[in-house]
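J.: Put together the whole structure using the sequences plus the hints.
Now for the letters of each chain:
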Amino acid sequence: MLRYVAVRLVTLLVSLVLAAVVVFVVLRLLPGDSAGTTLGVGTTTDQLDQLRSELGTDQSSLAQLGDWAGALLTGDLGTSFVSRLPVGELITSKLPITVPLSLAAFVLSVLVSVPLGVVAAVKRRGVVGVAVSAVSQLGVAVPVFWVGVLLVWIFALRLGVLPPGGFPRQGWDDPAAAVRSLVLPVVTVSIAMSSVMVRYVRSATLDVLDQDYVRTARSLGYGRWQALARHGLRNGAVPVVAILGIELATSLLGAVVIENVFALPGLGTLLLDSVTGRDLPVVQALVLAITAVVLVVNFGVDLLQRAIDPRLRLGSTLGAAGGSR
Amino acid sequence: MTDQLDSPRGPLSTAAPSADAPGSAPDASAAAPRRATARRLRSPSFVVGASMVAVVVLVGLVAFFWTPYTIGTRGTGERLGGPSADFWLGTDKLGRDVLSQLMAGATNAVVVAVCSVAIAAVLGITLGVLAASTTRWVDVAVLNVVDLMIAFPTLLLAMLIVTVRGASLSSVIAAIGISGAAVIARITRINASRVLREDYVVAAAASGTGWWGTVRRHVLPNVAPTLLVQLMLLAGAAILAEASLSYLGLGPRPPYASWGRMLNEAQATISAAPLAAILPGLLIAWTVLGLNLLGDGIRERSDPSLRGDR
Numbered sequence: 001m002l003r004y005v006a007v008r009l010v011t012l013l014v015s016l017v018l019a020a021v022v023v024f025v026v027l028r029l030l031p032g033d034s035a036g037t038t039l040g041v042g043t044t045t046d047q048l049d050q051l052r053s054e055l056g057t058d059q060s061s062l063a064q065l066g067d068w069a070g071a072l073l074t075g076d077l078g079t080s081f082v083s084r085l086p087v088g089e090l091i092t093s094k095l096p097i098t099v100p101l102s103l104a105a106f107v108l109s110v111l112v113s114v115p116l117g118v119v120a121a122v123k124r125r126g127v128v129g130v131a132v133s134a135v136s137q138l139g140v141a142v143p144v145f146w147v148g149v150l151l152v153w154i155f156a157l158r159l160g161v162l163p164p165g166g167f168p169r170q171g172w173d174d175p176a177a178a179v180r181s182l183v184l185p186v187v188t189v190s191i192a193m194s195s196v197m198v199r200y201v202r203s204a205t206l207d208v209l210d211q212d213y214v215r216t217a218r219s220l221g222y223g224r225w226q227a228l229a230r231h232g233l234r235n236g237a238v239p240v241v242a243i244l245g246i247e248l249a250t251s252l253l254g255a256v257v258i259e260n261v262f263a264l265p266g267l268g269t270l271l272l273d274s275v276t277g278r279d280l281p282v283v284q285a286l287v288l289a290i291t292a293v294v295l296v297v298n299f300g301v302d303l304l305q306r307a308i309d310p311r312l313r314l315g316s317t318l319g320a321a322g323g324s325r
Numbered sequence: 326m327t328d329q330l331d332s333p334r335g336p337l338s339t340a341a342p343s344a345d346a347p348g349s350a351p352d353a354s355a356a357a358p359r360r361a362t363a364r365r366l367r368s369p370s371f372v373v374g375a376s377m378v379a380v381v382v383l384v385g386l387v388a389f390f391w392t393p394y395t396i397g398t399r400g401t402g403e404r405l406g407g408p409s410a411d412f413w414l415g416t417d418k419l420g421r422d423v424l425s426q427l428m429a430g431a432t433n434a435v436v437v438a439v440c441s442v443a444i445a446a447v448l449g450i451t452l453g454v455l456a457a458s459t460t461r462w463v464d465v466a467v468l469n470v471v472d473l474m475i476a477f478p479t480l481l482l483a484m485l486i487v488t489v490r491g492a493s494l495s496s497v498i499a500a501i502g503i504s505g506a507a508v509i510a511r512i513t514r515i516n517a518s519r520v521l522r523e524d525y526v527v528a529a530a531a532s533g534t535g536w537w538g539t540v541r542r543h544v545l546p547n548v549a550p551t552l553l554v555q556l557m558l559l560a561g562a563a564i565l566a567e568a569s570l571s572y573l574g575l576g577p578r579p580p581y582a583s584w585g586r587m588l589n590e591a592q593a594t595i596s597a598a599p600l601a602a603i604l605p606g607l608l609i610a611w612t613v614l615g616l617n618l619l620g621d622g623i624r625e626r627s628d629p630s631l632r633g634d635r
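In order, the protein sequences belong to chains A and C. Taking this note's numbering, the leading residue of the first sequence gets 1, the next gets one more, and so forth. Taking this note's numbering, the leading residue of the second sequence gets 326, the next gets one more, and so forth.
Take the hints with a grain of salt, since some may be wrong.
Unchecked claim - Selected chain A positions facing chain C (in silico; Cβ < 8 Å):
#	residue
1	S15
2	L27
3	P143
4	F145
5	W146
6	V256
7	L271
8	V275
9	R278
10	V287
11	I290
12	L295
Stated by the list, open to error - Some chain A residues judged to face chain C by a derived CB distance under 10 Å, without partners named:
#	residue
13	V7
14	L9
15	S60
16	A141
17	V142
18	R158
19	L159
20	V161
21	T250
22	N260
23	T276
24	V294
25	N298
Stated by the list, open to error - Simulated restraints on C-beta separations:
#	chain 1	residue 1	chain 2	residue 2	range
26	A	V17	C	S493	29 to 37 Å
27	A	I154	C	P369	26 to 34 Å
28	A	A6	C	T451	32 to 40 Å
29	A	W172	C	A597	33 to 41 Å
30	C	A466	A	L303	32 to 40 Å
31	A	R218	C	V527	48 to 56 Å
Quick caveat, the hints were computed from the structure, so don't treat them as lab data. This one's a predicted model, so the numbers in the text were calculated from it and none came from an experiment. Even glycine gets a Cβ: it sits at the ideal position worked out from N, Cα and C.
T.: If you want it as structure tokens, here you go:
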């Protein structure tokens, strides 16, 4: 196990470095002059040269990569072109909105989808099972931001029970207002997420229910639920944990889109503003930060799965992607 | 397998680290009772899904040549007008005909789905087959790159590309196509290496069939049904991704119509003209649902394990 953790940790670090290089390459080496596109038409050569030297794009790509990597290692994420603020500071100032939003959406989705998915599997031919499948089929096809727009229309504009968007200026110093402004965004992200999760929980439970050990348990006199609780939970948990991990990362991305629907000044709004304003240091840092979160969550999921299922610990240290038959 | 991939996020289900877990191998053998159900249903998902998609494709084709009003930046009707004899579904805040824009949005959706799925298929299948059938070194390299690409969210890749190239249809298609290629490569690799270990393939190789002959005659036909299902799901995911990006203002620019951008523009005036905000979302959901159902249907019809049952 320790050896596995070490190997996975190295893979994680290599992936992070590779991701950083990819982000860098895409942003700097794709055809197109970022200085030119930042300033737009009608700028003088002097202005261009000045910006290029600020961006560092007048140096060789390798030197730029070295500079950036060096700064990253010391925790320096650079300075925003637009606001002239340190990127690290900009990002931390947005966390109090994005982190609660995505975590609350994730927790709510788990609370809704795990019980629903299990019930839908156990009663797969009943009314509940069919209804859950149908609703989740619809839920995954519907665009998240549209759900947000409709919820604002119904609950904020027509019923007037919740704010249509924005975040209180005092932030969390006004907890009631802060929570109220996050209710609709959280529900919106959760609707999309739990639709996906319910399907995975249902199919994981169905797989377990079809297993011989559950049949044996039932032949020994256990009820369906008892057999599932005794033998199914741990087995069903392995694929479900994987999906929860992916969804935890997705909730962060869902927040990126949804913050723009509800005009919440979080990471997602910052990212979009930086993309449209071509604020390279901010885009670079944010994309890398989000990717890092995804990779770290995947790492955690791997370890958790091994903790749950001892059989996984017997396999090869570096599981080849499937095909291990 | 039936339920393992039972999701529009189907491609992602293999991205789950659990795909190779012994307890959850996407194996058809565990699905015996459900298999029987699927056969009895005669795949209504296929019929319903195909019809839903056909409507969108048809409208998209018609709108490519003709829409009731020209798609422009300036409208011809009154602003935020309700449905009328001239404008069946009303007009938006610039006085543009909502119906014409919705129709042109269908063209956009079809273009996005077809182009990004084509990129994903060509790149992904090539990489996947190469990884499965050539040296171990290529396999490891491809797998690592693909894993990293899968961990890298489509939305972020699109944002990176848009930052450099500017918002455009081709940026969006490139981002979705490349992300999709990673998923397709992974699925091709898993399925192709399974086929390559079959006795008949080994026998074919022993009797002198070359690499290309094996790939063409045995590998591709055998992985095709699974891939077709994934490509359908990918098409749905592509339409959703394009809609999100266009909603955020990172998609194709006006006058090119897009359902996502229509939604963005109609959001502020939803109280005055709800139809312009409701309809694009409904159409996105309709199209994606149709593609997902079609994917389910193709799987039920062509899965060898379903067919081989009796």
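J.: Of the numbered hints stated previously, which ones are contradicted by the structure, given in increasing order?
T.: 13, 14, 15, 19, 20, 30 and 31
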